[in-house]
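Enquirer: Model the full structure from these sequences, guided by the hints.
Protein chains: 2
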Amino acid sequence: MKKHNFSAGPSILAPEVIENTAKAVMDLNGIGLSVMELSHRGKDFQAVMDETVALFKELLNIPEGYKVLFMGGGASLQFCMVPYNLHKKKAAYLETGVWAKKAAKEAKFFGDVETVASSADKNFNYIPKGFTIPADADYFHITTNNTIYGTEIHEDMDSPVPLVADMSSDIFSRPIDVSKYGLIYGGAQKNLGPAGVTFVIVREDLLGKNERAIPTMLNYQTHIDEGSMFNTPPCLPIYTCMETLRWIKKLGGVAKMQQINEAKAKVLYDEIERNELFNGTAEKDSRSLMNICFVMKDEYKELEQEYLSFATSKGMVGLKGHRSVGGFRASTYNAMPIESVQALVETMQEFEKTHKK
Amino acid sequence: MKKHNFSAGPSILAPEVIENTAKAVMDLNGIGLSVMELSHRGKDFQAVMDETVALFKELLNIPEGYKVLFMGGGASLQFCMVPYNLHKKKAAYLETGVWAKKAAKEAKFFGDVETVASSADKNFNYIPKGFTIPADADYFHITTNNTIYGTEIHEDMDSPVPLVADMSSDIFSRPIDVSKYGLIYGGAQKNLGPAGVTFVIVREDLLGKNERAIPTMLNYQTHIDEGSMFNTPPCLPIYTCMETLRWIKKLGGVAKMQQINEAKAKVLYDEIERNELFNGTAEKDSRSLMNICFVMKDEYKELEQEYLSFATSKGMVGLKGHRSVGGFRASTYNAMPIESVQALVETMQEFEKTHKK
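Going down the list, the protein sequences come from chains F and B. So for the first sequence, the numbering used here puts the first residue at 1; every next one is plus one. So for the second sequence, the numbering used here puts the first residue at 358; every next one is plus one.
Bear in mind the hints are in silico, worked out from the structure with no lab data behind them. Every residue, glycine too, gets a C-beta built ideally from N, C-alpha and C. Mixed in with the good hints, there may be bad ones.
Computed spacing ranges between beta-carbons, pair by pair [unchecked claim]:
1) E51(F) x V455(B): 28 to 34 Å
2) M229(F) x K360(B): 21 to 27 Å
3) A263(F) x K462(B): 50 to 56 Å
4) K671(B) x K108(F): 36 to 42 Å
Expert: As structure tokens, then:
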């Protein structure tokens with residue numbers, strides 16, 4: 001039976017990305033060696049690194065003055081690397097969920113942290129608006145997509161101080177104006193590749209401005225100076241990212257990706273609104289195109305487990321909502337085909353027919 | 358033409374490890390999903406993590422009280438994590454090469470560092486002996502195998518303070534007495550798997566003993582408490598490590614691995630000693646079983662490039678020595694078959710016949 005992979009991350013990758021990765025694991029470009037067993041400093045892997053960086057720059061239209069880096073440790077390691085490098089006296093954070101809180105927690109190891117606004121009052125089901133970013137902050141940190149709650153910041157905001165964004169779960173889902181950001185980072189395992197590599201896009205002139213002694217591996221300048229090869233980078237995960245970026249480019253780039261994502265999300269959000277059994281959890285203008293969270297209406301609440309079993313029997317995978325929201329979460333990342341969203345909608349309609357009171 | 362992969366790292370992996378990884382990239386255990394697109398918290402990946410930890414414990418005979426962790430960032434990130442967690446007043450380091458020096462450099466961010474002994478006087482071509490480990494150090498750090506210089510510490514030394522070992526390039530190459538170590542770490546990309554995952558074996562009672570505030574991701578206790586799943590681990594690299602450990606177990610374990618490694622190294626060291634054109638660079642009792650470094654004798658020095666081209670034409674890969682030693686380096690990690698070492702020896706013999714003065 002065909003699986004429809006709605007996992008929140010690690011998550012679905014395009015079939016050709018998976019196939020090409022398997023081929024490169026067996027033999028990279030016919031050189032007779034696996035991509036796993038090559039020197040990272042040899043020309044074969046250097047070509048992979050160079051193309052991956054070039055595709056980042058091309059697809060996101062990254063301006064001069066920014067560097068694209070790859071490292072290990074996940075976005076969670078960036079939670080402390082960002083303040084290690086950028087925090088001087090005070091950092092400002094937007095609190096839109098658990099991951100945003102975790103990021104802010106690490107900044108507190110380095111000094112003052114101001115929480116500019118929070119949506120904790122409604123279990124993070126909206127993106128706060130109308131807040132003022134303090135002009136005396138060293139940077140302002142946002143989490144653009146909140147996987148657990150299904151909320152997303154859809155525009156590139158203006159900030160009087162360097163804007164730092166965790167885009168782990170919506171990078172490459174839409175065009176972004178990189179020039180509005182000081183630093184963008186994220187784990188690969190949603191829209192890019194397998195877990196094990198983290199990307200960082202950083203405006204180089206922001207670095208080296210504080211007095212702190214920074215351990216070598218935690219200093220962005222180290223990775224800039226060595227082209228992400230100060231030590232051995234996660235070669236295989238980077239290879240898969242390159243394949244995903246090739247696939248996005250072939251598809252028409254991030255503007256086309258956004259159209260596809262909007263079309264997919266509309267199919268599911270429309271059904272959630274129409275269906276008598278379900279309710280969306282996020283406020284409408286904060287709804288994510290990447291993670292679509294919904295629950296059963298109060299009068300059907302006792303059917304949640306039954307619906308989940310039914311959907312699973314129809315091939316849906318990873319649909320259970322995070323425990324802090326409950327219900328269901330359909331992650332509709334870039335690689336998710338609209339056919340899988342339609343298959344999910346069919347299960348909702350079929351379940352409605354048989355269970356509507 | 359068959360390639361003989363002598364790369365220093367990332368390096369050769371066993372053919373069945375490569376094949377099984379490619380299969381799991383396409384479909385893990387027939388579940389219909391790639392190992393790259395599964396939730397790390399689902400039962401399918403949890404089984405991978407559990408088996409990998411269990412095989413570490415079984416193959417290395419790890420005693421109670423130790424934890425096995427997997428994280429990203431490479432051994433270079435451990436260079437600062439070790440002192441972050443263990444340095445109180447003074448740490449002691451054995452200086453056996455560039456990597457040992459890099460490790461010590463990071464400890465200096467956290468306090469005093471004593472270099473107990475060094476082989477810098479002879480370009481690190483031997484392992485220092487007869488040194489005294491200071492009893493007032495918080496820990497003593499060694500690099501058991503020095504890839505660049507082809508030297509190796511072959512025994513588990515007694516230390517009056519916790520012994521910390523970077524075993525990136527010789528883990529699983531021989532039985533070790535883990536109880537003699539406080540902490541063992543290493544990147545996977547030599548004897549274990551692809552680049553992108555780092556293992557840590559740590560005696561849990563050493564942790565939490567200093568006053569330092571440790572950022573969450575840099576605190577070993579975080580990873581212990583969450584079973585290496587505080588954040589998304591590098592799932593695919595861990596999968597490949599599991600396949601390598603299965604292969605080692607099937608082969609007969611690390612004692613058998615050591616026999617095989619000794620036999621392989623003997624073939625090449627014997628030829629280096631016999632051949633009129635070549636000289637080994639490491640002192641005999643410090644010679645590594647993992648990286649075998651040799652140069653051309655002075656009277657043949659001008660033939661180095663020609664020999665390298667000849668060997669390359671016969672399928673040898675990654676044979677060029679590190680620039681700080683020159684000449685040649687044959688890395689004969691666990692997965693290197695003796696047939697490849699014999700093929701290398703044949704090129705040396707053939708070259709001797711045609712070039713001996």
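Enquirer: If a hint holds in the structure, say so; if it doesn't, say that too.
Expert: Now the hints, each set against the structure:
1. E51(F) x V455(B): 28 to 34 Å: Cβ of E51(F) to Cβ of V455(B): about 29 Å, so the range 28 to 34 Å holds.
2. M229(F) x K360(B): 21 to 27 Å: 23 Å, holds
3. A263(F) x K462(B): 50 to 56 Å: Holds, since A263(F) and K462(B) (Cβ atoms, about 53 Å apart) stay within the stated range.
4. K671(B) x K108(F): 36 to 42 Å: Hint violated: Cβ distance 59 Å, outside 36 to 42 Å.
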